[in-house]
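Trainee: Chains A and B are the protein sequences, given in the same order.
In terms of our numbering, the first sequence is residues 1 to 180.
In terms of our numbering, the second sequence is residues 1 to 782.
By construction, these hints were calculated from the structure, which means they are not laboratory data.
A few of these clues could be false.
Unchecked claim - Have a look at the derived ranges for each label pair, beta carbon to beta carbon: (1) A/T14 - B/K556: 53 to 61 Å; (2) A/P102 - B/N674: 26 to 34 Å; (3) B/D322 - A/E4: 27 to 35 Å; (4) B/K556 - A/K22: 52 to 60 Å.
Cβ atoms here follow ideal geometry from the backbone N, Cα and C, with glycine treated the same way.
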Amino acid sequence: MSCEPWQCAEIAATKKANPINKPEIVVAMIKKASRPLLIVGSYATERWMEGKPLIEYLIDFANASKVPVVATAHMVGEFLKRGYEPAGFMSAMDIGNRLVDPEWQGIDGKGHPDLVLIIGLPYYMEALILSGLKHFAPDLKTMTLDNLYHPHASWSFPNATLEEWAANLKVMTSKFEGGQ
Amino acid sequence: MTSKNVHVKIDEMKTSTGLIKNLEVSIGKLVNDNWTEPMGPTPKPSLSTLRDWDLKLLNRYKPFYMPDCDLCCLCTFGKCDLTAGKRGACGLNIGAQSSRIVLIACCIGAATHTAHARHMLHYLIDKYGSRFPLDVGGLNIKVEAPVTRLVTGIKPETLGDLDEVLEYAEEQITQAVAVAHTGQEGNNLDFESKAFHVGMVDHVGMEVGDIAQISALDFPKADPEAPLISLGIGSVDTSKPVIMCIGHNVVPSVGIIDYAKDKKLDDKIEVVGLCCTAFDITRYHNRGRIVGPISWQLRFVRGGFADVVVLDEQCVRTDISDEATKARAPVIAASEKNCMGFKNRTNDPADEIVADLVSGKVPGVLILDPEKVGEVAVRVAQKVAPIRKKFKNLPEIEEIKKLAKTCRQCDMCRRSCPQDLKIPQALKAAAEGSMAELTDLYEYCIGCGRCEEACPVKLMVHSFIVKAGERQMIEETNLCRCGRGAVQDVEIRNVGSPIVLGEIPGILAVVGCSNYPKGGKDVYDICREFANRRYIVAVSGCSAMSAGSYKNAEGKTLYEEFSGGFEAGGVLNVGSCVANSHIAGAAIKVANIFAKRNLRGNYEEIADYIYNRLGAVGLAWGAYSQKAAAIAAGFWRLGVPVLVGPHGAKYRRMLLGREDKPEDWEVYDARTGNKVNVGPAPEHLFQTVETPQEAMVAIAKLCIRPNDTWKGRSIKLSHYVDLHKRHYGCMPQDLHLFVRTMADVPMTMKEEFTKILEAKNWKETVIPDPTLLPRMIRKMKE
C-alpha cells in the first residue's frame, strides 16, 4: 500500500493527507465527531468487490454507524432501490459548496458537520472537492473511504486492492453496534 | 456602416477668396452610419463598464473554488504556498488566485478565437476586398451580427467593417491579460468580472470569424436543411490519396480544395478534416469528410489513413508531426501560430518542396501561403500515396499479445489515464490471448497517450487499444449535418413567443470538446432525450460530431431523425467552434426581434432579458480547452447557465446558487417596483455534473425562468419531475420553490405536488415582470 496520489499528477503542496493505516481509525474519528456526514458518489454502483457493488457495503456501513448519507448525482435512486433512504441528495458541487459555508447548518438544519467522509466519486472530482474543502473549510476534518490515496483529504487510506478495500469496509461496519 | 481614415493635404490652392498654402486636414474616421437605432448606454464597454451587472450575478452565484494547485509559481517571488488561507508574496490568496487562473484561461481562449478571426479577415480582405458584403442568410437575416451589434454598437455591412470590431476585441483582450500581472487586481470577484468581460469579447471574436467566412467562402447561410455530411473514419475512401487537415482554421484547407478543383482532381483526392477544421471544410466543399473529434488525432495518424497531414491552428497535438513521420506521412504546417519547428519554405518553388517531402528528405515544412499549401499538399499526396500504401504505425494482434507479456502490472498506465481505464487488466488478458478487454477500452479512450508516457517498458498502449478497436474504427460511417451557421430571423419570430412564455421548454446547446468521461454516446443520448421532449437542441464542434456518431433502432443518425431547424424538436448544428457565437446570437435575437428590445450597445438590458426569460442552458460534456472556458464565460455574462461534465471540474471554479437561501432569489417586478421572490431560476450559472443522468435532470431544471407563464412553468416542471423520477427514483424535493400558483402544477401530477407543497408550507406568490435592473422598473415604488 502506498501513500502516493492514485492519479500521479494530483500532487498537494505543503499539506497532505495523513494515512489511515487501519480501519479502526475511521471508526474512532466517527465516534469522536459530533456531526459526521458521508458523501457517496456515482461510482458506488460501478465499483464491485467480492461480487457486490460498493453501494451495498455503504448501506451496511451507514445503517451500522448511523452516519447520515448525502448521495450525489443519481445515486439517490440507487439507494432507494435497495431500501435505504439517504438523509439528502444533491450534486457533488452543491454539497461541497455548502460545506465551505460556515453558516450552513447541515442536512437536518441542526449544525454544520465537523467530519466529512467521502467515497465513490470520480477520482479527479473527489480530489478537487477535497482541495476546495482543504482550502476553504480549514476547520472541517475530511476523510476519504476510497481505496485510493487522496492527498487533499485530512485523512486517506493508502492505495489498496479491492480485496483490502472490502475488508476495511467490513471491519469499519463491524465496529459499530449492530454492524456485521 | 463604413468608416475610413481620411487625410487631405493641400500645398497651394488659389480660390476666389484667397490663397491656401500648406493645409493639412486629417479625419480619423469618416462614418457612414445608416443604422437608425439609437445608441445604447454601453457601446464598446471597457473592463469595468459592466462590472455592476457582473456583480449582480456573482453575488447570486458565488464562486466555489476547488484549487487544482496549492501553489502560485507565476513570478520569481514564488513558489508561494497558498494553502488554506495563506497569502503569497504579492498578497494574493487562493480564492483570488483561482479566479485569476480562470481569467487567464478565458484570455487565452478569447485571444485564440480573435486571432483566428483576424487571420481569417486579413486573408478574406486580401482575396475579396474590404467592400465585400456580409451575407449570413440572405433575405432571411436582417440582424447579421447580433453579438457585435450588442457589444460594440456597430452594424457591420462589409468585411472591412469588421476591422474596427476586431480592433475593439483585441484591445479588450490585451487589457484583460494585463489584469493578471502580479500586483494588479486583488479581489476575486473583480477577477471574475473581468473573466466575464473577456468571455463576452470572445463571442465578438467568434462572430467576426464566422460571419466573415460564411459570407466570403459561401458557407451554408442559416440553412436548416444544410446537407448531411459523411462522418467517421469508415466513410473515407482510402483507395484515394488522403489529405488530413487538423485544427480550426479552414484557410489552408481552402487552398487545397481550390487547387484540387482547379486541376479537376477533387474526385480523385480525399480531403478530410479532424476537429473544427472538418466542419469548415464541409461547409466549403460538399465532398469533404469529417473524420471525428479532436481526440482521434493519434488513432487516425497511427492508423495510416493520412498520406499528408496539414496542420493549421488550435487543438493540434504538439507531437503530431512526430507521429505522422512514424507513419511516413509528410507534414505541412500552415499557421504562424504553429510552426512545429519546420523550415519556412513559403518562398521556395513548389516543385522543390514537393520533391523534398516525397523523397523524405524533410519530414515536414512550414508554408504560410494557403495557395501554395494547396498545390504542395495535393501533389505530395498523389505521389506519396502509392509509395506508403497506407502504412500503419500499429502493431499486429500477435505482436500485441507478445508485447503484453512484458507488462509489469505496475499500474502506472492506469494511474496516468484521465479515465482510470483498467489498462493493466486488459494487458494481462491480452498476454493470455484475449483482446476483448483492450477492445472494450476503445470507446472510452480519449486518445491522450499518457499511458504510453508512463509505461516503464515503453509499451505503445494507445496503439494496442486502437488496433484492438480497428474493426470498430473502420466501420464508423455516420452522418452529420453540415454547419448551418446563424439562426434565421423568421425562425426567431416563430419560436420567440413559445420560448419566452415557456411553452417550448428550453433551448439546450450541446457544445465543446470531446474530453468525455465515458465516450461520446452520452452526448447522443442527451441530445436525443431533449429533442424528443421538444426542446430546441443546438450543437457545435466536437460535440456535434459525437451527436452524429450513433444511430437509433431504425439505423438513423440524430440528424436524420430530427429536423435541422431552430424549432421545437430540432437538432441544429451551427458549425465549428467560432459558430458558437450564433447560439448566443439566437438568444440575443429573441430579445431584439421578438421582444423588440433595442440592441445597439445595450448589453445589460438584453442580458437581463435573456437571464430572466429565456430558458436556455449550455452543456459542454467534454470541455477541455481554454476556448471552452471563454465561450462559457460569454454565456455567463449573458445570463445563460452552463453545465460541464465531470472533467470540467478541473476548471477549478464553479458559480453556484444556493436554493436554501431565499434572500438570494429576489427580482424586481418591473410593473410595480416590488421585490418578488422567484426561487432559484436558474439555480446555477456554472456547474459540474457527474453523470449523464444528473445532466439531464439539471438541464430540465436550469431551463426554468422567472418569466414563465403558468402554462410554460407547468410544462417545464413536468419534464423536470419526469426526468427526476426516472433517474433519481423519487419526486424532487424542491418543487415548492418553483410553484408560484397552483396553475403551475402539471395536471397529471397534482396529487404528488400537493403532498410536497403542504409539507413545505408552500405559499402562493405572483408571476412578476422580472428584472434585476432598477432602471427597468416602469413605476417606481413610493
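Trainee: Hint by hint, note whether the structure agrees.
Mentor: Hints, one by one, checked against the model:
{"no.": "1", "hint": "A/T14 - B/K556: 53 to 61 Å", "in the structure": "56 Å, holds"}
{"no.": "2", "hint": "A/P102 - B/N674: 26 to 34 Å", "in the structure": "33 Å, holds"}
{"no.": "3", "hint": "B/D322 - A/E4: 27 to 35 Å", "in the structure": "30 Å, holds"}
{"no.": "4", "hint": "B/K556 - A/K22: 52 to 60 Å", "in the structure": "57 Å, holds"}
Going down the numbered hints, you'll see the structure goes against none, and every one checks out.
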